[in-house]
Amino acid sequence: KAGVTQTPRYLIKTRGQQVTLSCSPISGHRSVSWYQQTPGQGLQFLFEYFSETQRNKGNFPGRFSGRQFSNSRSEMNVSTLELGDSALYLCASSPRKTTDTQYFGPGTRLTVL
Amino acid sequence: AQSVAQPEDQVNVAEGNPLTVKCTYSVSGNPYLFWYVQYPNRGLQFLLKYITGDNLVKGSYGFEAEFNKSQTSFHLKKPSALVSDSALYFCALDRDSSYKLIFGSGTRLLVRP
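Protein sequence lines correspond, in order, to chains A and B. Each residue of the first sequence is one higher than the one before, counting from 241 in our numbering. Each residue of the second sequence is one higher than the one before, counting from 712 in our numbering.
The shape of chain A in the complex, shown without the other chains (with noise of 0.2 Å):
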């Protein structure tokens, strides 16, 4: 089975602007979840989204959102960017339940300028 894919891999935007970024997860596996990674912060878990519906929210500001498509595919988007969004960020598959193991995909490396 082909592992979970991110897209675009490298991104460069400036304050302000916006970004969305995407996610195809493992074929079969419904659940998606997103974290950010920093050098400052650590992991820190975005959302998760099951059946195109959010199941949980981490303490983000409004700024973050997310979205699963039926065909369980993901976006996140970033309005208003500012430098501290600079992240890796990961997104996990997982067939359904909490203790299914969740498998990352490579991330998406997103720098503010």
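Bear in mind the hints are in silico, worked out from the structure with no lab data behind them. Mixed in with the good hints, there may be bad ones.
Selected chain B positions facing chain A (Cβ under 10 Å, derived; list incomplete) [stated by the list, open to error]:
hint, residue
1, Gly754
2, Leu755
3, Ser816
Once the Cα atoms are required to be at most 35 Å apart in a straight line, the calculated DSBU-like pairs of lysine-lysine come out as [claimed, not checked]:
hint, chain 1, residue 1, chain 2, residue 2
4, A, Lys241, B, Lys788
5, B, Lys733, A, Lys241
6, B, Lys780, A, Lys297
7, A, Lys337, B, Lys733
8, B, Lys788, A, Lys337
9, B, Lys769, A, Lys337
10, A, Lys297, B, Lys733
11, B, Lys769, A, Lys297
12, B, Lys788, B, Lys760
13, B, Lys788, A, Lys297
14, A, Lys337, A, Lys297
15, B, Lys769, A, Lys241
16, B, Lys788, B, Lys733
17, A, Lys337, B, Lys780
18, B, Lys760, A, Lys297
19, B, Lys760, A, Lys241
20, B, Lys760, A, Lys337
For glycine and all other residues, C-beta sits at the position ideal for the given N, C-alpha and C.
For this one, chain A is given, so just place chain B on it according to the hints.
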């Protein structure tokens, strides 16, 4: 509130020696514990998980971890370290119906030849 602690920022071992990467957790309810490894410019790779049952969990690449409920620990171990094991290791915690992973701060493992 649930949390994960990795008390060591870095662990140094010689190749061929046993290694231990420490993890402690705090959670109300049943803990589901995971270990992931991250190589430079890569996403997270799953190593092993504890859900229930045997306290000694065996995983990929010769790694194992021991779940200790009384000490609320889930240390990662390997009998004989390889230089190629050098990477960043993350312990993560989940629980019933949370649908999110809480990560520790990560431990950098350096195996010297």
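Each hint tested on the structure:
1. Gly754: Where the cut-off is 10 Å and the nearest Cβ of chain A is about 4 Å from Gly754 (chain B), the hint holds.
2. Leu755: Result: holds, 4 Å to nearest chain A Cβ.
3. Ser816: At 5 Å from the nearest chain A Cβ, Ser816 (chain B) passes the 10 Å test, so the hint holds.
4. A:Lys241 <-> B:Lys788: holds, 29 Å
5. B:Lys733 <-> A:Lys241: holds, 32 Å
6. B:Lys780 <-> A:Lys297: Answer holds: Lys780 (chain B) to Lys297 (chain A) is near 28 Å, not above 35 Å.
7. A:Lys337 <-> B:Lys733: Given pair Lys337 (chain A), Lys733 (chain B) holds - Cα atoms ~26 Å apart, limit 35 Å.
8. B:Lys788 <-> A:Lys337: holds, 27 Å
9. B:Lys769 <-> A:Lys337: Roughly 21 Å between the alpha carbons, so the hint for Lys769 (chain B) and Lys337 (chain A) holds.
10. A:Lys297 <-> B:Lys733: Holds, at roughly 28 Å.
11. B:Lys769 <-> A:Lys297: holds, 31 Å
12. B:Lys788 <-> B:Lys760: Judged against 35 Å, a Cα distance of about 13 Å means the pair holds.
13. B:Lys788 <-> A:Lys297: holds, 32 Å
14. A:Lys337 <-> A:Lys297: holds, 16 Å
15. B:Lys769 <-> A:Lys241: holds, 23 Å
16. B:Lys788 <-> B:Lys733: holds, 9 Å
17. A:Lys337 <-> B:Lys780: holds, 23 Å
18. B:Lys760 <-> A:Lys297: holds, 23 Å
19. B:Lys760 <-> A:Lys241: holds, 21 Å
20. B:Lys760 <-> A:Lys337: Holds - the C-alpha atoms of Lys337 (chain A) and Lys760 (chain B) are around 14 Å apart, at most 35 Å.
Violation of the numbered hints given earlier is absent; every hint is satisfied by the structure.
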